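Undergrad: Assemble the whole structure, with the sequences as input and the hints as a guide.
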Amino acid sequence: MTIKNLFVVFALGFAGLFVAGATSSFAQSHVNSPDPSLGTPNVATETSHIGNLTGHAEEGKHLYRRYCIGCHGPDGDGDGMNAQWIDPKPRDFTQATFKCRSTPTGTLPLDQDLYNAITRGFVNSNMPSWNPLTPQQRADLVAFIKTWSPRWAKEQPGTALQIPPETPVTIDSILHGRELFQKMECWKCHGPAGHGDGPSAATLTDSKDNPIRPYNFSTGTRFKCGETNQDVYRIFMTGVDGTPMPSFADVIKPADAWDLVHFLRTLQDMDTKEAELWKTYVAAHRADIKPIGPDAAGGQ
Amino acid sequence: MTKKLLMLLAGAALVGNGGMAGLPAPAGNASISGKVTYTGTPPKMKPIDMSKEPSCAKQHATPVMTENVATGAGDTLEYVVVYISAGDSDSAAPTAAVRYDQKGCQYLPHVLPMQVGQNLQIYNDDQTSHNIHPLAKVNPEWNKSQPAGSPAIDTKYDKPEFIPVKCNIHPWMHGYFVVLNTSHYSVTGQDGAFSLKGLPAGKYTVTAWQEQYGSQSQDVTVGAGESKAINFTFKALPY
Amino acid sequence: MPRKFPACFRGLRLMLVSLLAVVTLPAVVSAPKGSSTTTAQAAPLPRIRLNAIPAFARKYGLPCSACHTAWPELNNFGWVFRDNGYQLMNDRDSPIWQNPSYFPISFRITPNWHRETADHQPIDSIPGGGPASETISGKVTQAGFDLSGMDLWSAGTLYKNISFQLLPSSDPTAVWHFESAWVRFDNLHNSSWLNLKFGRFELDNLISEKRFLFLSNNGGIYQIYHFNVQGSTNNFGYGDNQIGVELAGHSKNSYTRYSVAVLSSNEGGVNFTTDVLPGAPPASRSYDVNLAFDQAFNGGSLGLERLGAFAYIGQRPTYYETTGDGSVPLVGLGNKPFYRVGFAGDLFLGKLELLPLFMYGHDSAYLGADLPSTSALPPGTPSPAFAGGFIEAHYYVNPQLVFIGRFEKVNVLQQSAVNVGSVPGNYGDVTAYSIGYRWYPIMFSRAGLAFHNEYSISKSIGIVPESGDGTGLPPLFPTNGVWSSSLFIGFDFDF
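Protein chains in written order, with this note's numbering: chain A, 1 to 300; chain B, 1 to 239; chain C, 1 to 495.
Accuracy of the hints is not assured; some may be wrong.
Per the computed footprint, the stretches of chain A lying under chain C, defined by three or more beta-carbons under 8 Å from a beta-carbon of chain C, are [stated by the list, open to error]: (1) 62-73; (2) 77-88; (3) 121-129; (4) 234-247.
DSS-like mimics (lysine-lysine), calculated; alpha carbons at most 25 Å apart, straight line [to be verified]: (5) B/LYS52 / B/LYS35; (6) A/LYS208 / B/LYS156; (7) A/LYS208 / B/LYS137; (8) A/LYS208 / B/LYS46.
Quick list of simulated restraints, FRET-style, between CB atoms [unchecked claim]: (9) A/THR205 / C/LEU147: 49 to 55 Å; (10) B/PRO109 / C/VAL397: 58 to 64 Å; (11) B/PRO109 / A/THR205: 22 to 28 Å; (12) B/PRO43 / A/THR205: 18 to 24 Å; (13) B/ARG99 / A/SER37: 44 to 50 Å; (14) B/MET65 / A/GLU179: 35 to 41 Å; (15) A/ILE289 / C/TYR159: 33 to 39 Å.
Please keep in mind that the hints were generated in silico from the structure rather than gathered at the bench.
It should be emphasised that the depicted structure is a prediction, and the values quoted were computed from it without experimental measurement.
C-beta: ideal position from N, C-alpha, C; glycine also.
TA: Listed below in structure tokens is the structure:
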């Protein structure tokens, strides 16, 4: 009889757990289970538009909880439980500052920019490519991400950068790009050979005061904001917001920008047309090439 | 009626940088002034090593000092922004711009107050590139490259905020944009003195802000034409 | 007040009763565990384990829900990760990017309370036997706290684009075997369409038995993944891990996937035998082929819809080379073919997931007649065949709570030659039902815990039920439908 009573107790205990499990509120009041009221009141109305797709923040909320919350946090501020262990840190959506955009520095990105960022992921970081999610799911996530910052309700996204057709890849273009690399003082952070070891490199911090290294062109990996020449163009023309990398849109003309793109490709350890041309030129003109860096007068 | 109009015009002449657009601020000739001092021991300012940028280093016979707690004789605090934080009616931004210079790899002035919506012009007077990176959190954060000889950057801010400014290339460069709702503000010099003029009679909250020690406020009531003196004292810590 | 189970269970009424049964505990009745006079078809199965790897969560800083609909079942993001060779393709997959103290090891075990019953069991009318006792058909019930088997799992990358898995697995008594052990060369020629796996591994099943949501003895297997027509000497199970080499490929988002595998015809056995456990018969020298293909379609707001087809073409020996006047078999000879073909689907309707599967199986007449291939087959000897499938449903209330259910039916279409005439036409048919839920109190990036509740029942005609622990007795008569039930409450943890 005693054993039977014991089992009754256990049965009721398990029954209680069953009820508890079935009701959302208990499951979600645990410290590791986020509140069902995830997000801000904007969630009910915020949408995104990418091509023909319309994303809805209400749907995006459920996807955020499944896929994003571990790093980006239940408050969308990049302070998820994993954030302390990863570098670079997850994006803080409440600031509406984004690295990879087609819009000018300081302005909101287009929905398409956020969609591309989710789809592509960020290489050399913990942000995976979410390409396996359906386009609708990614559009829903874009809509939800926008609800974390009040800026989306008041501001329009910036005007997308107009990228002119690429100029031909010639050695003249590369040489001019090299002059720009010197003149714009890119080498101060990126180093004369683009190894991320320029004089200012060691002291760089991002906008949250975390140490950050400039991109090292020679490691052969892809750029964070995309792999094509158009993406490289966009990176230095719009700047990588939230990091020390500024926008050069006011100081580099579009044709010159393409020259710089072509030169930057020669710094990478990849098989590109630009690298080929450059290698041939260097073999024949080694003595003519002035090193990049501070000049004798100590100026730029 | 005429007398009031005259007073209006007089007040207008006294306020801010002189120019006005739209509705003028209510005129007055009361003023609040005083001194900002500290008690305790502030940190010692350190000399800045600019050897990584020779074109700037050679502009300074002796190294410049850090400016996060700049003091003067008599325990005064420099670069404290004193402004009306309550009781003032909003005024439209003046048409004249404020100017920020990057010279000798320093920001001049170290702390630049301005009004919401007021034009801000940023100049690079050096032979080296700077990137101008105001770390705004309420306003949009942007980051632009400004090579030597390039034109001034023209911009403005739409919300009040204390914005730290830095140059990533030259990590010792630190400054502040102080975007305010009010046209009544004053930055202390080495003598720690501030003066808020042209105030209509009324009850005001005056706030003093120092970049390391934060803000302090006092309530002040002034009658028409009255001059009141108040002082602020910050508790200094050696770090 | 504990409630007694009704003596007989029938159909859907069962399901409703079972819901109540989940929360009640009957009196414990101890019964002697009958001697396992099991035939080859009902041999004890190695306790099937299920795959979820918190080591990956630790490596990449993602919560379990990123890769799993509800661990261990994968969602499409998890499928892509797995197809990539456990890589996110973010240029940080090579182990050199991990802190040297990171070790790609996970372990999983489920302490539980469970209750098993089986009816139509031959038991002594008087316990202890004796001259006055007769053999009667009765129901045997066992219940109590228990352990499951354990998986000690290592998987990940040896190098960029070289991935591996090593899975020693034990039954509840800590008898170990290697459930899987393989190395895979990923993205050959920089193409996601060429990946080569070598070792012992699970077949490329669209619906995986290793990564499904059931744990009980009766519910923790797909009947059709281990079904063989009674009397056939075939020992193949589509859910069993095999040894060989597999070429597989997938599109970048894994919407399209294919695989071709060549495997030894020895049911994944080691030391050239036909099982991982000692004492198994020797294997033949032949090879089987497994083909699988699936395609996913974007179902818009409903989710992803995936359909697949598979075919396993294999052979099994019909006699042995022997020594010692036939007393010691050395190697299997006289291979005769068999095949399994079918369709499967993984369909989403918002929060509801449906997993249908249909399979048809056919063995050579020689295998069903227990004749060596050197003998002539009498005319009209039938080839054993069966067909069946299941429909499984999951309802994801949220990433931390899922309700599960399944209905499965396998019918023998043609009995083996050795049995024709002495058994009814439906001898060996199986019907099975399962219902349950899993609640994950934590959804975390370091470890996992699930509170698992399940009630599963199966009916087999005339044979001992095919269940996860393989114990039980054949009924007194081949016409008896033996109902076996499992009630399972456990804490499934995974580190």
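Undergrad: Next step is simple, just say for each hint if it's right about the structure.
TA: Here is what the structure says about each hint:
no.	hint	result
1	62-73	holds (count 7)
2	77-88	holds (count 4)
3	121-129	holds (count 9)
4	234-247	violated (count 0)
5	B/LYS52 / B/LYS35	violated, 38 Å
6	A/LYS208 / B/LYS156	holds, 23 Å
7	A/LYS208 / B/LYS137	holds, 10 Å
8	A/LYS208 / B/LYS46	holds, 24 Å
9	A/THR205 / C/LEU147: 49 to 55 Å	holds, 52 Å
10	B/PRO109 / C/VAL397: 58 to 64 Å	holds, 60 Å
11	B/PRO109 / A/THR205: 22 to 28 Å	holds, 24 Å
12	B/PRO43 / A/THR205: 18 to 24 Å	holds, 21 Å
13	B/ARG99 / A/SER37: 44 to 50 Å	holds, 48 Å
14	B/MET65 / A/GLU179: 35 to 41 Å	holds, 37 Å
15	A/ILE289 / C/TYR159: 33 to 39 Å	holds, 37 Å
When held up to the earlier numbered hints, the structure conflicts with 4 and 5 and fits the remainder.
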